[in-house]
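Construct the complete structure from the given sequences, taking the supplied hints into account.
There are 2 protein chains.
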Amino acid sequence: MIGVFHFDLLQQSDGARRGVFHTPRGDVQTPTFMPVGTVGTVKGLTIDQVAATGAEIILGNTYHLRLRPGHETVAKLGGLHAMCGWEGPILTDSGGFQVFSLGALNKVTEQAATFRSHLDGAKIVLTPEHSIEIQQALGSDIAMVLDHVIALPASAAEVEDALARSIRWAKRCREAADRPEQALFAIVQGGLDPVLRQQCATELASMPFEGYAVGGLSVGETPEEMYATAGVTTRHLPAEKPRYLMGVGTPRDLIENIARGIDMFDCVMPTRNGRNALAFTDEGPLKLRNAVHREDLRPIMDDCPCLACRHSRGYLRHLFNAGEMLGPILLSHHNLMYYSRLMQQARAAIEQDRFAEFANSKLRGWGYEPVPCG
Amino acid sequence: MIGVFHFDLLQQSDGARRGVFHTPRGDVQTPTFMPVGTVGTVKGLTIDQVAATGAEIILGNTYHLRLRPGHETVAKLGGLHAMCGWEGPILTDSGGFQVFSLGALNKVTEQAATFRSHLDGAKIVLTPEHSIEIQQALGSDIAMVLDHVIALPASAAEVEDALARSIRWAKRCREAADRPEQALFAIVQGGLDPVLRQQCATELASMPFEGYAVGGLSVGETPEEMYATAGVTTRHLPAEKPRYLMGVGTPRDLIENIARGIDMFDCVMPTRNGRNALAFTDEGPLKLRNAVHREDLRPIMDDCPCLACRHSRGYLRHLFNAGEMLGPILLSHHNLMYYSRLMQQARAAIEQDRFAEFANSKLRGWGYEPVPCG
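Top to bottom, those sequences are chains A and B. Position 190 of the first sequence, counting from 1, maps to 190 under full-length UniProt numbering, and the rest follow consecutively. Position 320 of the second sequence, counting from 1, maps to 320 under full-length UniProt numbering, and the rest follow consecutively.
Keep in mind that the hints were calculated from the coordinates and are not lab data. Check the hints yourself; a few may be wrong.
Which copy is meant is left open, because identical chains are indistinguishable; a pair holds if it fits in one copy or across any two.
What the hints assert, rightly or not - In silico DSSO-like pairs for lysine-lysine, Cα to Cα no more than 27 Å straight-line:
{"#": "1", "residue 1": "K171", "residue 2": "K107"}
{"#": "2", "residue 1": "K43", "residue 2": "K287"}
{"#": "3", "residue 1": "K76", "residue 2": "K287"}
{"#": "4", "residue 1": "K171", "residue 2": "K123"}
{"#": "5", "residue 1": "K287", "residue 2": "K362"}
{"#": "6", "residue 1": "K123", "residue 2": "K107"}
All values derive from a computational prediction rather than experimental measurement.
Below is the structure:
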């Protein structure tokens, strides 16, 4: 089963890794950022516009697609790729995080996560096997195991219980996932406890997964706690497999976690912030609704090839001020391109073995001091 | 002043006209449909996507741009073309129709239309001279005279009063409009009264305008009344000038009015309906929200090169059902392309001198019998 997917670790620099993840639908250059297409659309953009940002892989949400339009409908529409017109690889999450964050009245037993739809209150039972079944119907290239996500801070007993269950569920997912054309990534849990993270990573690393994710972060911890936890986790993951930090994050988070050996990221931040008139730049975020931009002829960034940067800040401000759809569209494109170019620059810096220098320069541009790796 | 703009009447067929309107920013093949970019953006689409529909000229709204971002701000942002990135010709209306349809507490005197902003209630005095001043600041290629639009039905006295004022205001606009690179179109009023329409058209035709619009329609009259009024008006307009039917309309309206000698149209219908999940086709409109489309793998139309028709009806339905921005984006593109292709087909039919045959076939496809020209 393993073999169709293959990760080549090309180079390392200051803890950062430059690699290529080979999939049947094309190669993914890492470090990489995956735009989020929750229900089969990266919000506000046509699929060509998403590709034009430089994205090589996008993400779909099992929980959301299970509810709307339904995984069986997606299958009848030819699968996620045919439905949304994206020919490259797609990763689907397992629904574990959304059960935790969205599912009202969710209840987790050893057998399944039971929750009520945030749309109509319908009761849904999500077992590890059903999560895989959904992801197979969606036809994603990379499936994720169903994990048990809990809120932080949590008691040691709660963290250990969720961790042990996540490992047992990972095994059940591995057994259910029987398609050679669909990779399966395990998810390391363990809260902020380095011992539990090590234990979970080591156990999962002994099982045959095509990649490993760091889960259970971006749930309320500080950036420093996140970075430390990612760092301790990656140390216990196999070097020859890609590592994916789920649901992260700010440009700073990406750079700090690349320095800790993370290869893949996803986050709604570029598109969600774009819809809210916030544009990422090398000098930090720009709030396009502010009156200061009213007659500003400059683009958001001088050297950016995105659709927004063909226009003046004054025009972009006007679009948001007038409630025009084009504002969110253009800023979503800018932000995704900013993230994509950041990954491109990070890859180049690793190739030139000057990642720390690159990272420090970016971080200081955004107003941060680098956080020393533990 | 006249001469920079020039209309070539190339061919006629069954009352329909095939022409080219030459402007400093490029030629416009007529009959043509102008997508509406109310505040400097055709809602939901990037300017490249608008161009890809085949549009050669777009429309901006003086009233809306005067309020937001303000015509002086548009001027400081380089004018409407530079601001929104459209390099082809732009026509701006004069604000007369919006004063009528949107301006709360509007009051018309001989000197000016006074109204309150629909946004913040601010009092605005729009004279013919100020309308031209705004349109000059916007930098449009075709400006419209300020006219006095009234609701129908109206008394003969009201119609005659508005008509006489519209002619006086047209003269004031002509005197104020002194830029050779900006054409000025007059607007024929006269309600549904053929005698008043003839009188107004004849008077305006004696004055030096680069084109003539049929105004005061699409305000509550029946399609048959609209067609008859357009027909009687165009008979009294000079053949060597373009004729523009303002704010019209459905695909049927376009075909019926082309048969009556109209060359130019604008309407929010393709984009507004697109945002509301309605797609135009040769078999009539398709409501994409309907459950019947859930698993339909067919595109809206088989031979349509728009962005929506790369996808299945099932996917489009899902996008609207899930409230995703991409639904309105894709259907706006489809509908604008449908209108653009309809104009393209109409031009080809006129060139081949088979317009009536073409029109009848289209009308019957939509479920209408052709309305005999009076």
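Cα distance capped at 27 Å. Does K287 pair with K362 within a copy, between copies, both, or neither?
within (19 Å within a copy, 49 Å between copies)
Homomeric proximity label, K76 with K287: Cα distance no greater than 27 Å
between (42 Å within a copy, 21 Å between copies)
At most 27 Å between C-alpha atoms: does K171 with K107 qualify within a copy, between copies, both, or neither?
This pair counts as within: shortest intra-copy Cα distance 21 Å, inter-copy 75 Å.
At 27 Å max between alpha carbons, let me know whether K43 reaches K287 within a copy, between copies, both or neither.
Cα proximity of K43 and K287: in one copy and across copies (20 Å, 22 Å).
Please work out whether the CA atoms of K123 and K107 approach to 27 Å or closer within one copy, between two copies, in both situations, or in neither?
within (11 Å within a copy, 58 Å between copies)
With 27 Å as the alpha-carbon cut-off, assign the pair K171 and K123 to within, between, both or neither.
Answer is within: at 25 Å inside a copy they meet the 27 Å cutoff, but 70 Å across does not.
Checked against the numbered hints given earlier, this structure breaks none of them.
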